[in-house]
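Here is how the chains run, residue by residue.
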Amino acid sequence: MTALPNDTPKKLGLVIDLDVCVGCHACVVNCKEWNTGGYGAALSDQEPYGETPSGTFLNRIHTFEVLPEANGAGASPMVVHFPKSCLHCADAPCVTVCPTGASYKRAEDGIVLVNEDWCIGCGLCAWACPYGARELDEAEGVMKKCTLCVDRIYNENLEEVDRVPACVRTCPTNARHFGDLADPDSAVSRLVAARGGVDLMPEQGTAPVNKYLPPRRNRAPAGAADETPPAAPRERAAGLTGWLERVVEMIG
Amino acid sequence: MHPARSIIVFTTLSGAGFGLVALLALGALAGSGSPLLWAALLALALTGVGLLSSTFHLGHPERAWRALTQWRTSWLSREGVLSIATLGLFAVQMAADLFYGMRLVPLGLVTAALATVTVYATAMIYASLKTVPRWHTRLTPACYLGFAAAGGAMLASAFAAGADGRAAGLEWLALGFLLVAWAAKGLWWFRADRIPLGSGDSRPETATRLGRYGRVRLLEPPHSMGNYLTREMVFRTARRHAAALRRAAALLGGGLPVLLLAAGLAAGGWIWPAAASLSFLLGLLAERWLFFAEAEHVVSLYYGEGERARPAGFPARPA
Chain A
1 MTALPNDTPK KLGLVIDLDV CVGCHACVVN CKEWNTGGYG AALSDQEPYG
51 ETPSGTFLNR IHTFEVLPEA NGAGASPMVV HFPKSCLHCA DAPCVTVCPT
101 GASYKRAEDG IVLVNEDWCI GCGLCAWACP YGARELDEAE GVMKKCTLCV
151 DRIYNENLEE VDRVPACVRT CPTNARHFGD LADPDSAVSR LVAARGGVDL
201 MPEQGTAPVN KYLPPRRNRA PAGAADETPP AAPRERAAGL TGWLERVVEM
251 IG
Chain B
1 MHPARSIIVF TTLSGAGFGL VALLALGALA GSGSPLLWAA LLALALTGVG
51 LLSSTFHLGH PERAWRALTQ WRTSWLSREG VLSIATLGLF AVQMAADLFY
101 GMRLVPLGLV TAALATVTVY ATAMIYASLK TVPRWHTRLT PACYLGFAAA
151 GGAMLASAFA AGADGRAAGL EWLALGFLLV AWAAKGLWWF RADRIPLGSG
201 DSRPETATRL GRYGRVRLLE PPHSMGNYLT REMVFRTARR HAAALRRAAA
251 LLGGGLPVLL LAAGLAAGGW IWPAAASLSF LLGLLAERWL FFAEAEHVVS
301 LYYGEGERAR PAGFPARPA
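Keeping their order, the protein sequence lines are chains A and B.
1 is the number of the first residue of the first sequence in the UniProt record's numbering; add one for each residue after it.
1 is the number of the first residue of the second sequence in the UniProt record's numbering; add one for each residue after it.
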């Protein structure tokens with residue numbers, strides 16, 4: 001059923017530390033390796049050795065640079081490696097838009113999964129996700145996404161130390177942490193509280209479970225502010241244009 | 001967003017088709033015999049071809065029936081359920097008129113209402129997505145409903161004029177709907193031009209939450225080549241092309257049909273509203289292509305779109 005559970009007793013998820021990620025892509029590789037042989041269809045590649053290689057990944061690392069507003073030219077930017085995978089949102093828009101019931105959020109632990117036997121590959125869930133967490137596999141024609149390694153974390157055939165998502169297990173700098181974010185006393189919840197963990201795109205109203213720990217201030221370039229400045233208010237045009245702008249705002 | 005041909009054809013044809021369904025269900029051409037038969041068949045063909053083409057972009061078309069199950073939360077599922085219900089009732093009503101000479105007026109009212117709600121559901125698939133700010137407005141269903149009604153009235157007037165030589169009432173109706181639809185679309189374009197990616201609530205700074213440290217720019221994408229996300233959602237169209245296509249859409253979908261309908265009102269004959277319908281549908285294909293191609297998805301913020309201009313003296317992004 002694509003209706004979301006009201007609340008889940010557990011909120012399993014990741015806490016990603018942007019202060020220590022070095023952008024080595026080990027989590028990307030280990031994610032691909034584990035999940036191509038694990039839950040559901042393999043993660044295919046198209047033209048892996050050709051002119052335009054492309055493939056399905058459940059975890060990708062972007063690298064951003066941040067330049068302080070105040071310093072402008074001449075300042076050296078801060079470079080931040082930015083791992084991104086499914087945030088297992090409490091209010092997951094990808095689940096409610098699914099026409100078939102293939103997408104669902106587990107009531108017991110909050111993991112968002114795709115039943116690949118039901119998925120018709122319409123791609124609407126990928127449109128509904130602001131984070132780019134869902135990718136349609138071109139070979140299988142079904143939607144793939146992070147499963148939080150559901151086939152590892154409850155797997156009693158594995159050593160206890162291995163019962164965490166593959167990306168967490170492999171990270172050489174401990175930039176990724178796994179745990180229950182519904183429990184305020186869990187190690188991940190304490191980490192989020194101590195380091196001021198944040199949600200990505202809170203304005204989208206998705207209530208992500210995964211949290212990001214911002215880079216520590218001593219890494220920030222001089223002149224950095226404390227908070228994200230609000231978007232500059234749009235100036236209302238004069239005359240007919242201004243009137244039309246008001247009409248459009250009223251319609252919403 | 002990537003403009004998928006199957007969805008563009010589907011929304012255009014099925015919109016006009018359900019418009020025609022609604023008007024025929026409300027009694028346009030009722031009791032006219034063969035004009036009603038051809039009009040009803042055309043309505044079924046437009047909606048049927050549309051529905052069929054919408055399954056072409058699926059990864060697993062053979063499982064399409066599953067899309068009828070999640071109508072409680074999904075507008076896409078609602079659209080599927082509503083179209084089947086509408087077409088079923090429509091077929092019953094038309095058969096009653098054509099073969100038994102029965103006018104089932106209450107059934108017609110229900111069918112017309114369902115056809116309207118079907119078009120609304122199609123529009124809401126897009127309008128409900130917060131991730132595409134240009135679609136996320138009540139103007140989106142207004143445009144879809146207006147265009148469906150205008151297309152339906154135009155097609156119905158062609159059949160009516162074919163039967164009686166004149167169809168002034170339906171032609172006036174088509175003109176009215178056309179005016180309302182293009183007014184809504186004008187406002188829609190006006191609004192869309194004012195909310196380029198990165199200017200609203202979602203910006204590279206909120207996507208990364210690094211805004212507290214300054215302005216954010218993508219240094220390296222995750223992979224050297226594109227992926228499903230960039231192909232599907234980070235589609236870019238040249239401004240010049242977009243402006244030319246908007247003119248073509250407005251001309252073929254608005255200006256020309258108005259002139260042809262006016263000629264029909266003056267001279268009579270089915271050829272005028274028929275030509276108007278053809279021109280209108282071609283114009284709408286351009287309008288629908290732009291609806292997808294010009295829409296920007298907030299995931300693009302993670303791929304270097306929607307960034308503010310660099311301060312002077314700072315190295316520009318390498319090509």
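Keep in mind the hints are simulated off the structure, nothing from the lab.
A couple of the hints might just be wrong.
From the structure, some residues in chain B lie toward chain A, with a derived Cβ separation under 8 Å [unchecked claim]:
#, residue
1, 53
2, 58
3, 210
4, 212
5, 215
6, 221
7, 225
8, 229
9, 232
10, 246
11, 248
Taking lysine to aspartate or glutamate pairs in the DMTMM-like style, the calculated list, with each CA pair at most 25 Å apart, reads [as the list claims (entries may be wrong)]:
#, chain 1, residue 1, chain 2, residue 2
12, A, 32, B, 220
13, B, 130, A, 19
14, B, 130, B, 232
15, B, 130, A, 159
16, A, 32, A, 160
17, B, 130, A, 235
18, B, 130, A, 91
19, A, 32, B, 232
20, B, 130, B, 307
21, A, 10, A, 249
22, A, 32, A, 7
23, B, 130, A, 47
24, A, 10, A, 138
25, A, 32, A, 140
26, A, 10, A, 183
27, A, 32, A, 156
28, A, 10, A, 109
29, B, 130, A, 183
30, B, 130, A, 156
31, A, 32, A, 138
32, A, 10, A, 185
33, A, 32, A, 19
34, A, 32, A, 47
35, A, 10, A, 162
Using N, Cα and C, we set each Cβ at its ideal position, and we do this for glycine too.
Cross-check of the supplied hints:
1. 53: Given a least distance of 13 Å, the restraint on residue 53 (chain B) is violated.
2. 58: holds, 5 Å
3. 210: Cβ of residue 210 (chain B) sits 5 Å from chain A, so the hint holds.
4. 212: Holds, because the Cβ-Cβ distance from residue 212 (chain B) to chain A comes to roughly 5 Å (cut-off 8 Å).
5. 215: Because about 5 Å separates residue 215 (chain B) from the closest Cβ in chain A, which is inside the 8 Å limit, the hint holds.
6. 221: Holds - the Cβ of residue 221 (chain B) comes within 8 Å of chain A, reaching about 6 Å at its closest.
7. 225: With Cβ-Cβ at 5 Å, under 8 Å, it holds.
8. 229: Holds, because the Cβ-Cβ distance from residue 229 (chain B) to chain A comes to roughly 4 Å (cut-off 8 Å).
9. 232: At 7 Å from the nearest chain A Cβ, residue 232 (chain B) passes the 8 Å test, so the hint holds.
10. 246: For residue 246 (chain B), the interface hint is violated, since the closest Cβ of chain A sits about 17 Å away, which is over 8 Å.
11. 248: violated, 23 Å
12. A:32 x B:220: Holds: residue 32 (chain A) and residue 220 (chain B) sit about 20 Å apart, inside 25 Å.
13. B:130 x A:19: violated, 30 Å
14. B:130 x B:232: Answer holds: residue 130 (chain B) to residue 232 (chain B) is near 17 Å, not above 25 Å.
15. B:130 x A:159: Cα-Cα ~42 Å, so violated.
16. A:32 x A:160: holds, 22 Å
17. B:130 x A:235: Given that 25 Å is the threshold and the Cα spacing comes to 23 Å, the pair holds.
18. B:130 x A:91: holds, 13 Å
19. A:32 x B:232: holds, 21 Å
20. B:130 x B:307: Holds, at about 19 Å.
21. A:10 x A:249: violated, 40 Å
22. A:32 x A:7: violated, 30 Å
23. B:130 x A:47: Violated: residue 130 (chain B) and residue 47 (chain A) sit about 34 Å apart, past 25 Å.
24. A:10 x A:138: violated, 33 Å
25. A:32 x A:140: Holds. Residue 32 (chain A) to residue 140 (chain A) sits at ~16 Å (cutoff 25 Å).
26. A:10 x A:183: holds, 7 Å
27. A:32 x A:156: holds, 22 Å
28. A:10 x A:109: holds, 5 Å
29. B:130 x A:183: violated, 30 Å
30. B:130 x A:156: Answer violated: residue 130 (chain B) to residue 156 (chain A) is near 40 Å, above 25 Å.
31. A:32 x A:138: Status holds; Cα separation ~15 Å.
32. A:10 x A:185: Measuring from Cα to Cα gives roughly 13 Å; hence the hint holds.
33. A:32 x A:19: OK: residue 32 (chain A) and residue 19 (chain A) at ~24 Å, within 25 Å.
34. A:32 x A:47: holds, 16 Å
35. A:10 x A:162: holds, 20 Å
Of the hints listed earlier, those the structure fails to meet are numbers 1, 10, 11, 13, 15, 21, 22, 23, 24, 29 and 30, in rising order.
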